[in-house]
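Engineer: In case you want the letters, here they are:
Protein chains: 4
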Amino acid sequence: MHLKYGPAVIEGVTKDSALIVRVKKMLITEATKYQEVQIVETYDFGRALVLDGYIQSTEDDEFMYHETLVHPAMVAHPNPRKVLIVGGGEGATLREVLKHRTVEKAVMVDIDGELIELAKKHLDFMHQGAFSDPRARVVIGDGYEFVMNSEPGQFDVVILDLTDPYGPEISKKLYSKEFYAGVKKLLREGGIMVTQAGNSYFYPNTYDYVLQNIQANFSVVREYWYWIPSFSYACNFITGSDSVDPASLSEGEVDRIINERGLKNKLYSGAHHVSLFKSKVLRSRFASA
Amino acid sequence: MHLKYGPAVIEGVTKDSALIVRVKKMLITEATKYQEVQIVETYDFGRALVLDGYIQSTEDDEFMYHETLVHPAMVAHPNPRKVLIVGGGEGATLREVLKHRTVEKAVMVDIDGELIELAKKHLDFMHQGAFSDPRARVVIGDGYEFVMNSEPGQFDVVILDLTDPYGPEISKKLYSKEFYAGVKKLLREGGIMVTQAGNSYFYPNTYDYVLQNIQANFSVVREYWYWIPSFSYACNFITGSDSVDPASLSEGEVDRIINERGLKNKLYSGAHHVSLFKSKVLRSRFASA
Amino acid sequence: MHLKYGPAVIEGVTKDSALIVRVKKMLITEATKYQEVQIVETYDFGRALVLDGYIQSTEDDEFMYHETLVHPAMVAHPNPRKVLIVGGGEGATLREVLKHRTVEKAVMVDIDGELIELAKKHLDFMHQGAFSDPRARVVIGDGYEFVMNSEPGQFDVVILDLTDPYGPEISKKLYSKEFYAGVKKLLREGGIMVTQAGNSYFYPNTYDYVLQNIQANFSVVREYWYWIPSFSYACNFITGSDSVDPASLSEGEVDRIINERGLKNKLYSGAHHVSLFKSKVLRSRFASA
Amino acid sequence: MHLKYGPAVIEGVTKDSALIVRVKKMLITEATKYQEVQIVETYDFGRALVLDGYIQSTEDDEFMYHETLVHPAMVAHPNPRKVLIVGGGEGATLREVLKHRTVEKAVMVDIDGELIELAKKHLDFMHQGAFSDPRARVVIGDGYEFVMNSEPGQFDVVILDLTDPYGPEISKKLYSKEFYAGVKKLLREGGIMVTQAGNSYFYPNTYDYVLQNIQANFSVVREYWYWIPSFSYACNFITGSDSVDPASLSEGEVDRIINERGLKNKLYSGAHHVSLFKSKVLRSRFASA
Numbered sequence: 013m014h015l016k017y018g019p020a021v022i023e024g025v026t027k028d029s030a031l032i033v034r035v036k037k038m039l040i041t042e043a044t045k046y047q048e049v050q051i052v053e054t055y056d057f058g059r060a061l062v063l064d065g066y067i068q069s070t071e072d073d074e075f076m077y078h079e080t081l082v083h084p085a086m087v088a089h090p091n092p093r094k095v096l097i098v099g100g101g102e103g104a105t106l107r108e109v110l111k112h113r114t115v116e117k118a119v120m121v122d123i124d125g126e127l128i129e130l131a132k133k134h135l136d137f138m139h140q141g142a143f144s145d146p147r148a149r150v151v152i153g154d155g156y157e158f159v160m161n162s163e164p165g166q167f168d169v170v171i172l173d174l175t176d177p178y179g180p181e182i183s184k185k186l187y188s189k190e191f192y193a194g195v196k197k198l199l200r201e202g203g204i205m206v207t208q209a210g211n212s213y214f215y216p217n218t219y220d221y222v223l224q225n226i227q228a229n230f231s232v233v234r235e236y237w238y239w240i241p242s243f244s245y246a247c248n249f250i251t252g253s254d255s256v257d258p259a260s261l262s263e264g265e266v267d268r269i270i271n272e273r274g275l276k277n278k279l280y281s282g283a284h285h286v287s288l289f290k291s292k293v294l295r296s297r298f299a300s301a
Numbered sequence: 013m014h015l016k017y018g019p020a021v022i023e024g025v026t027k028d029s030a031l032i033v034r035v036k037k038m039l040i041t042e043a044t045k046y047q048e049v050q051i052v053e054t055y056d057f058g059r060a061l062v063l064d065g066y067i068q069s070t071e072d073d074e075f076m077y078h079e080t081l082v083h084p085a086m087v088a089h090p091n092p093r094k095v096l097i098v099g100g101g102e103g104a105t106l107r108e109v110l111k112h113r114t115v116e117k118a119v120m121v122d123i124d125g126e127l128i129e130l131a132k133k134h135l136d137f138m139h140q141g142a143f144s145d146p147r148a149r150v151v152i153g154d155g156y157e158f159v160m161n162s163e164p165g166q167f168d169v170v171i172l173d174l175t176d177p178y179g180p181e182i183s184k185k186l187y188s189k190e191f192y193a194g195v196k197k198l199l200r201e202g203g204i205m206v207t208q209a210g211n212s213y214f215y216p217n218t219y220d221y222v223l224q225n226i227q228a229n230f231s232v233v234r235e236y237w238y239w240i241p242s243f244s245y246a247c248n249f250i251t252g253s254d255s256v257d258p259a260s261l262s263e264g265e266v267d268r269i270i271n272e273r274g275l276k277n278k279l280y281s282g283a284h285h286v287s288l289f290k291s292k293v294l295r296s297r298f299a300s301a
Numbered sequence: 013m014h015l016k017y018g019p020a021v022i023e024g025v026t027k028d029s030a031l032i033v034r035v036k037k038m039l040i041t042e043a044t045k046y047q048e049v050q051i052v053e054t055y056d057f058g059r060a061l062v063l064d065g066y067i068q069s070t071e072d073d074e075f076m077y078h079e080t081l082v083h084p085a086m087v088a089h090p091n092p093r094k095v096l097i098v099g100g101g102e103g104a105t106l107r108e109v110l111k112h113r114t115v116e117k118a119v120m121v122d123i124d125g126e127l128i129e130l131a132k133k134h135l136d137f138m139h140q141g142a143f144s145d146p147r148a149r150v151v152i153g154d155g156y157e158f159v160m161n162s163e164p165g166q167f168d169v170v171i172l173d174l175t176d177p178y179g180p181e182i183s184k185k186l187y188s189k190e191f192y193a194g195v196k197k198l199l200r201e202g203g204i205m206v207t208q209a210g211n212s213y214f215y216p217n218t219y220d221y222v223l224q225n226i227q228a229n230f231s232v233v234r235e236y237w238y239w240i241p242s243f244s245y246a247c248n249f250i251t252g253s254d255s256v257d258p259a260s261l262s263e264g265e266v267d268r269i270i271n272e273r274g275l276k277n278k279l280y281s282g283a284h285h286v287s288l289f290k291s292k293v294l295r296s297r298f299a300s301a
Numbered sequence: 013m014h015l016k017y018g019p020a021v022i023e024g025v026t027k028d029s030a031l032i033v034r035v036k037k038m039l040i041t042e043a044t045k046y047q048e049v050q051i052v053e054t055y056d057f058g059r060a061l062v063l064d065g066y067i068q069s070t071e072d073d074e075f076m077y078h079e080t081l082v083h084p085a086m087v088a089h090p091n092p093r094k095v096l097i098v099g100g101g102e103g104a105t106l107r108e109v110l111k112h113r114t115v116e117k118a119v120m121v122d123i124d125g126e127l128i129e130l131a132k133k134h135l136d137f138m139h140q141g142a143f144s145d146p147r148a149r150v151v152i153g154d155g156y157e158f159v160m161n162s163e164p165g166q167f168d169v170v171i172l173d174l175t176d177p178y179g180p181e182i183s184k185k186l187y188s189k190e191f192y193a194g195v196k197k198l199l200r201e202g203g204i205m206v207t208q209a210g211n212s213y214f215y216p217n218t219y220d221y222v223l224q225n226i227q228a229n230f231s232v233v234r235e236y237w238y239w240i241p242s243f244s245y246a247c248n249f250i251t252g253s254d255s256v257d258p259a260s261l262s263e264g265e266v267d268r269i270i271n272e273r274g275l276k277n278k279l280y281s282g283a284h285h286v287s288l289f290k291s292k293v294l295r296s297r298f299a300s301a
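Chains as they are written, first to last, in the working numbering: chain A, 13 to 301; chain B, 13 to 301; chain C, 13 to 301; chain D, 13 to 301.
Bear in mind the hints are in silico, worked out from the structure with no lab data behind them.
It is possible that part of the hints are untrue.
Pairs involving identical chains hold if they fit within one copy or between any two copies, as the list cannot separate such chains.
With a straight-line Cα cutoff of 25 Å, these simulated DSS-like cross-link-like pairs (lysine-lysine) come out [stated by the list, open to error]: (1) K16 - K184; (2) K278 - K111; (3) K16 - K27; (4) K111 - K189; (5) K185 - K16; (6) K45 - K16; (7) K197 - K117; (8) K276 - K292; (9) K45 - K184; (10) K185 - K37; (11) K276 - K132; (12) K111 - K292; (13) K27 - K290; (14) K45 - K292; (15) K290 - K276.
Could you put the whole structure together from the sequences, leaning on the hints where they help?
Structural biologist: Structural data, given as structure tokens:
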């Protein structure tokens, strides 16, 4: 076996391992005000969004990440009408949220307006028209400020779709204890939040920092993870609530809610939901970060 | 983020992507009669066995692979007394099999005697003394010949722990329809086999070839997979039987059997078992192999 | 020391070594009828042209290659009036040829018209207007056919600026004995040809094949080489003639001719010329190709 | 073209480019008190010594580096009897120095005694018995201290064979103005020093720092460089003296001295000497370091 020569993305896994992903075509290589953006056609994953040297999502496997991020919390909430998304500039998280018939309003706050414009133009398989749904409202602004300064008790579900906690500076404060306190205030009674949490295996310390910050604010905290091929590793997720417990749902209950809300998914199902919450969260003994 | 310079293993994922894993120390770099063997100390995974450029197992995550390969089939069989392992030179599969109190005899057939000697010497965290268990019998020989020429109806469980079906030549015939027919003959009534099956996501065609070859011989075929960090991707597994169905076991039943047989595991539990069989097997649309 | 993550070109050196060159921006990633073309902004070398995974020339060091290819043969010829270039689609070889006041006509034959258009648009530091010089004539066509079928005795100097002899298929026949016989016929009396010849160190067999094919046709054959940073290795060159001997020129003679012909160079001088022809051509004992 | 998978050394060129060199066998991977040492068998270059992630010398091309470092200064000195080498733990610089019949005593000072022992054992093609020559004296100690505290006026030639000035911390002070003043004091009248100086192309600022520090101490300073294949780039060298000028020697004079002193070289000759001093020293416009 061998690697063909040519253009590629060298993607960080840790400081001691990296993934080389060969690239067929580079569509966009720009620095926005906030981050370096590449949109590339890869051989193995189709079109991909790369931020600051990390693959964020690809044509081939974005559904694994976005369905797994959005639906467990959304399905666990009995009637999610108003949803806040922080980050998620590609529009795919918004797309998944809007699948739920119960949703009346979905607010997406992303700091990087240039990135959203690039996504609209070059990543239509991501948003699939979500940006023009009348229930969607896009705010270009700082998610931290938005959360800390908005009127309390507005949202049923808050979804944090950010770059990794050990990644670019831009996202760091959006994993802090104060921020989660802010998120909690924004939730209506019976509300739930979910965040992607990087990778617990290679970055146990950062993961535990995020987990503890959520536990400091919420009494029902649940963890799950799923392998994302184009990341070369698994992505972890954490939910926080004072009443809603996604892990308590049975396969049948999830399938019934999927049916009621009219969700058409590629991956997420009752079986997937149950599988996620039964899978142990692991941390490497060798991790240095 | 950045990659430090120095020694590394360039590991194939596909012909269009590769993982660079930095290495602290190279202990063994030898060619046996059958394959290139490296035993290295990596930064991210501890000690690792590399065959023909593919990481086979590492100190850090070998339990994920070996527990997930061995226990679903073993636990699903009501009384596994005689077990055959083909491949598995490091001795870790043997170690997991011997954990089951029901086992009276475990035969391990590996073609590469030199590899077994290297493993005994440098990978004791793999075998952990399994080679000297009185119930173990190690045969240095061709697994294909052994299976095709042994007396029928001998084994309760057959475990195929081979290099990938799209990997080195050495293992190819051990994924063929004829070979699985041979395995079937070797099984006692009520027996079950399991094989690792490479990765269905990047190699859907090879995976489907293996799956169909098993389906051509067995009426109850079950698929599952698990992410192995040091592979950078998930490993798939397939069971074949005419009566035993691992997917039908409940979490409680598995936990009860684990308890009865005295299994002390790092990962495998009733929850893990259920999680595995509820997780969808995926194939990339972009895969070229 | 470490490597930053992000987009890159993985460039082949041999089948056992490769250069990773980080890329700031990908401008062009297209397949023409004949080859894969990338035009990229690298961090270390500025803008670069990549053909079939090999860096051909970069903003930073193209003068090293083009001045060293063109001037030794041109200066050694007492009065080069008509010059043929085969290959050289970027226009930089044409630019160097046209610097010589003696030149009345320079014909450049390149098979890849699309590449020439891309170079005109994105690589103006290469051609620097050479394409619109009234003495230049660009022929889009097969260099082999052009050489074999043109009227004999037309050119004073023939410059072969092709992809490597061990590189893409497209150039292979342009290093054959028959082709050099064709080149010889095209030369006027007292004419000289020069070719780039890949790298003698890593590819001694291919290099010797090219050398012998030239020696089979010409009585005065001279070899020289120069390190090209963006190749990560040295590029070899071979001249062939029946009378003109570049190695016989003294530093002072070369400087006088440079002066007479009005050459303004970044690198090529009498000292550079003498240095080139005094440097030993080396072949690795370990080279497998 | 493609890269085979397997063990490799990822070698730094700059922070934006790296060379991947495939490795057949890793013989030594140890940290001495001062540096990380690897001794590996590569496919392209044979056995190689790697210090802190940089290839220092290989079986295949070490003669290029060592002959080019040692002989220009040694040959330019009319009668080198006592020679000091700082660094050069592999013993190959010592080997080249001892080739000169005029040499009565060669003192080699290297801080890393463990490295010398490893070289003696595993790199005999380097020293070739030089360590047991009765004229050789090896001092395990700090080269800086040795130079600053030794009795003045002892040596005809001082050769500085150190890791790169932009490389490991260990060598930094051995490129300082104060150190070169110390070297000057150690020289007898008519003496000359030479140092390897890293690479001027990718590291012009560091190179110029070294150059200026030498010019601050010596009135006759000469620069030269040579491509070292296993470095993937050229190595620069600088001589300093108040009277000896290697650039003034003719090809014939060098060949006469080579003959008188009985030097048997693979590369170094009168032609090589002249070629070196006629080659322009280049600095990249894009270099960031």
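Engineer: Could you run down the list of hints and mark each one as holding or not?
Structural biologist: Hints and how they fare:
1. In this assembly of identical chains, the alpha carbons of K16 and K184 lie at most 25 Å apart only when taken from different copies (20 Å versus 36 Å within one copy).
2. Taking the closest pair of Cα atoms, K278 and K111 come within 25 Å of each other only inside a single copy of the chain (13 Å); across copies the shortest separation is 39 Å, beyond that limit.
3. Taking identical chains as interchangeable, the C-alpha atoms of K16 and K27 lie at most 25 Å apart whether they share a chain (24 Å) or sit on different chains (6 Å).
4. Proximity of K111 and K189 under a CA criterion of 25 Å is satisfied in neither setting, with 31 Å inside one chain copy and 44 Å between copies.
5. Taking the shortest alpha-carbon separations for K185 and K16, only the inter-copy value of 24 Å comes in at or below 25 Å, while the best intra-copy value is 40 Å.
6. Taking the shortest Cα distances, K45 and K16 sit within 25 Å of each other only across copies (20 Å), while inside one copy they are farther apart (34 Å).
7. In this assembly of identical chains, K197 and K117 lie within 25 Å of each other by CA distance solely inside one copy; the values are 18 Å within and 61 Å between copies.
8. With identical chains, the CA atoms of K276 and K292 are at most 25 Å apart between copies only, with a shortest distance of 16 Å across copies and 27 Å within one.
9. Taking the shortest alpha-carbon separations for K45 and K184, only the intra-copy value of 17 Å comes in at or below 25 Å, while the best inter-copy value is 38 Å.
10. Within a single copy, K185 and K37 get their C-alpha atoms no closer than 34 Å, and across copies no closer than 30 Å, so neither meets the 25 Å cut-off.
11. Taking identical chains as interchangeable, the C-alpha atoms of K276 and K132 lie at most 25 Å apart only when both belong to the same chain, with a minimum of 22 Å there against 49 Å between chains.
12. Taking the closest pair of Cα atoms, K111 and K292 come within 25 Å of each other only across two copies (21 Å); inside a single copy the shortest separation is 29 Å, beyond that limit.
13. When the C-alpha separation of K27 and K290 is checked against a cutoff of 25 Å, the pair qualifies neither within a copy, at 30 Å, nor between copies, at 34 Å.
14. Taking identical chains as interchangeable, the C-alpha atoms of K45 and K292 are never at most 25 Å apart, the minima being 39 Å within one chain and 40 Å between chains.
15. For the identical chains of this complex, K290 and K276 are neighbours both inside a copy (23 Å) and across copies (18 Å), given an alpha-carbon limit of 25 Å.
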